Amino acid sequence: LMAFSSSYLVWASRTAEAQHSGMRYLIVHSLGGGILLTGILMHLHETGSLLITEFPYAFTRAATLMLIGVAINAAIPPLHAWLSDAYPKATVTGAVFMSAFTSKSAVYVLMRLFPGWEILIWLGVVMALYGTVYALMSNDTRQILSYSIISQIGYMVTAIGIGTEMALNGAAAHAFGHILYKSLLFMAAGAVLYSTGKSKLTELGGLAKNMKWTVAFYIVGGLSISGLPLLNGFISKSLIMGAVGEAHLEMVILLLLMASIGTFLHTGLKLPYFTWFDRQKSEFTVKPLPKNMIIAMGIGAFSCLLFGIYPALLYNNLPYPVDYNPFTVYNLVEMTQILVFSFIGFWLLRKKLAGAPNILLDSDWFYRFPVSWIRNVFVSKPDRLFGLAEEGALTLSRSLASAFKNPMQWLNPFTSHNKEAATYSPGIELIMAFILLVILVSGLFMVL
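Using the numbering used here, you'd call the opening residue of the sequence shown number 2 and step up by one each time.
It is worth saying that the hints were derived from the structure and are not from the lab.
Hints may be right or wrong, so weigh each one.
[Unchecked claim] Derived DSS-like pairs: lysine-lysine, alpha-carbon spacing no greater than 27 Å straight-line:
no.	residue 1	residue 2
1	Lys353	Lys282
2	Lys201	Lys382
3	Lys352	Lys292
4	Lys382	Lys282
5	Lys105	Lys213
6	Lys288	Lys213
7	Lys210	Lys382
8	Lys288	Lys199
9	Lys292	Lys353
10	Lys105	Lys210
11	Lys199	Lys213
12	Lys199	Lys353
13	Lys213	Lys201
14	Lys199	Lys210
All of these numbers come straight from a predicted model, not from anything done at the bench.
Please put together the full structure from these sequences, using the hints given.
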């Protein structure tokens, strides 16, 4: 149901790109659902029940298939390219709903079925860094936010892999907080697309004076996802980082901190700067936003502030009892240092981060490149060969038809040109048989 409804949200844009992306979305999620169902049926065959009685779930073939099926929906690399392809093609409101709900359902299933699977720790770290790197390279506002989704889900997947009560609380809190600030960010990016008809950073700029409320609300969301204290992203990230610290995974902490720096660079700084504050790069008119869009962004920004200031509103509803204070001196100093030095680095390198009007192939390269080679080897070249064979056969047929208008005369040039005086050569049957054989072989070659 989710796959079909989400595909409709992409198709509703009614563009050629949206049509292809929506079909890809549906195919990929149908594949993931099929793999998930296969794992469920294997589990039913092996245990005689649909219930999961062991936690963490035992490493079996059925469990592995279920994990792969869920991983596709969670956009775990290299099974992630559908997300960064489909979300930017959806309608303005459709992208908001998809960012809020689709991948979070996969996070919920991972929490219920696979807590404590250590492989998820490193898959989550890869997600956090991978999404950050591609968001920094992207030029489209909604594609940046799509890669940012992959990065933020990486934090949740890492926490699920740790599997402790604190880690699972952190994953749940971050999933909830992600719904709030990511929907706010997609609303702001959608507002720009609605007002200008453009979404490329290389085409935007200079919008701050015309979209003051949008800028303000976006900055709240951008600082929230970056983990600024007193915003909801800070209280959930702190839980996850605390759980990673309790597990004594120092390398994981370092890599997630690097991902946090990248998050602030691409979502908190690059996107708003080149969209609203940099010089205008192309001609466009700015339509005023309807009040309901501004109110919706205001609700999102207020929610980010509310849960950031009063974390107990969220902590009291997490799966396990929470005894954690995010507002420690260490957490506050750490996040402040990350944000301040990241801002300095961005300002010094902002021209290099401006982006270019490019298209990111991402992992699609691994099958788009072989597709052209396969088409060339198995389609284009055989088609050219068959064409040459056909032309050769037709040319030979025309030449023989012209030459054998009078085969008796052609075979015996010393005879009279008079039909009555022409003599019969006994080798004519052999020559005609040879010609027939050539034509048959040529036809057989073309068929094959």
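Right, here's what the structure says about each hint:
1. Lys353 <-> Lys282: With a Cα-Cα distance of about 16 Å, the restraint between Lys353 and Lys282 holds, given a limit of 27 Å.
2. Lys201 <-> Lys382: Violated, at about 39 Å.
3. Lys352 <-> Lys292: With Cα atoms ~35 Å apart, Lys352 and Lys292 exceed 27 Å; violated.
4. Lys382 <-> Lys282: With a Cα-Cα distance of about 45 Å, the restraint between Lys382 and Lys282 is violated, given a limit of 27 Å.
5. Lys105 <-> Lys213: The hint is violated at about 31 Å.
6. Lys288 <-> Lys213: holds (13 Å)
7. Lys210 <-> Lys382: violated (57 Å)
8. Lys288 <-> Lys199: Holds: Lys288 and Lys199 sit about 12 Å apart, inside 27 Å.
9. Lys292 <-> Lys353: violated (36 Å)
10. Lys105 <-> Lys210: The given pair, whose Cα atoms are some 35 Å apart, is violated under the 27 Å limit.
11. Lys199 <-> Lys213: holds (18 Å)
12. Lys199 <-> Lys353: Holds. Lys199 to Lys353 sits at ~22 Å (cutoff 27 Å).
13. Lys213 <-> Lys201: Given pair Lys213, Lys201 holds - Cα atoms ~19 Å apart, limit 27 Å.
14. Lys199 <-> Lys210: holds (17 Å)
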